[in-house]
Amino acid sequence: MSLIPTNLINQPQKMLNLIAQRQEALGDNIANMHTIGYRRKDVDFSQYLNNSQTASTLEARTIEKYGPAPIASAHTGGEQKTTEEELVLMQENYMIYNVAVKELASTITQIKTALNVSAS
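Quick note on my numbering: the sequence shown kicks off at 1 and runs consecutively.
Hints in this document: simulated from the structure, not taken from any laboratory.
Bear in mind that the values here come from a model prediction, so they are computed numbers and not experimental data.
One or more of the hints may lead you astray.
Stated by the list, open to error - Derived Cβ-Cβ restraints for the label pairs, each shown as a range: (1) E85 with G37: 43 to 51 Å; (2) V117 with G37: 13 to 21 Å; (3) H34 with A119: 22 to 30 Å; (4) M95 with N10: 19 to 27 Å; (5) N10 with M90: 20 to 28 Å; (6) I111 with I36: 48 to 56 Å; (7) E85 with T113: 15 to 23 Å; (8) A31 with V117: 32 to 40 Å; (9) K112 with A20: 19 to 27 Å; (10) H34 with V88: 16 to 24 Å; (11) A31 with N98: 36 to 44 Å; (12) M33 with Y94: 13 to 21 Å.
We treat Cβ as the ideally placed atom computed from N, Cα and C, and that holds for glycine.
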């Protein structure tokens with residue numbers, strides 16, 4: 001039996017990985033927006049976070065805000081965004097990142113507290 005409950009750390013870690021993937025996709029969109037035939041990409045958090053029965057409020061809010069779309073999917077149609085719109089999406093992603101880091105730090109603090117209490 002492990003002393004550290006890995007499921008508490010896996011959820012915030014999964015969220016941080018998805019945020020990093022989204023940041024990369026948004027960066028690719030800006031870099032390639034004038035490339036002929038390029039289709040913008042975005043990352044959907046719900047595909048991976050909806051599967052968990054213990055989805056946190058951060059995950060629920062993220063799913064609600066960004067809705068369903070597959071990971072790094074190429075969007076077709078008239079969904080071209082301007083550089084400014086892509087930068088706004090990057091800023092939103094950064095804010096979600098800050099919340100996820102705070103959630104992870106809180107989880108680590110809770111684990112430390114539990115270990116300290118059990119050691120007493």
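Results of checking the hints against the structure:
{"no.": "1", "hint": "E85 with G37: 43 to 51 Å", "verdict": "20 Å, violated"}
{"no.": "2", "hint": "V117 with G37: 13 to 21 Å", "verdict": "59 Å, violated"}
{"no.": "3", "hint": "H34 with A119: 22 to 30 Å", "verdict": "59 Å, violated"}
{"no.": "4", "hint": "M95 with N10: 19 to 27 Å", "verdict": "22 Å, holds"}
{"no.": "5", "hint": "N10 with M90: 20 to 28 Å", "verdict": "26 Å, holds"}
{"no.": "6", "hint": "I111 with I36: 48 to 56 Å", "verdict": "51 Å, holds"}
{"no.": "7", "hint": "E85 with T113: 15 to 23 Å", "verdict": "43 Å, violated"}
{"no.": "8", "hint": "A31 with V117: 32 to 40 Å", "verdict": "49 Å, violated"}
{"no.": "9", "hint": "K112 with A20: 19 to 27 Å", "verdict": "25 Å, holds"}
{"no.": "10", "hint": "H34 with V88: 16 to 24 Å", "verdict": "19 Å, holds"}
{"no.": "11", "hint": "A31 with N98: 36 to 44 Å", "verdict": "24 Å, violated"}
{"no.": "12", "hint": "M33 with Y94: 13 to 21 Å", "verdict": "20 Å, holds"}
The structure does not agree with the numbered hints 1, 2, 3, 7, 8 and 11 stated previously, though it agrees with the rest.
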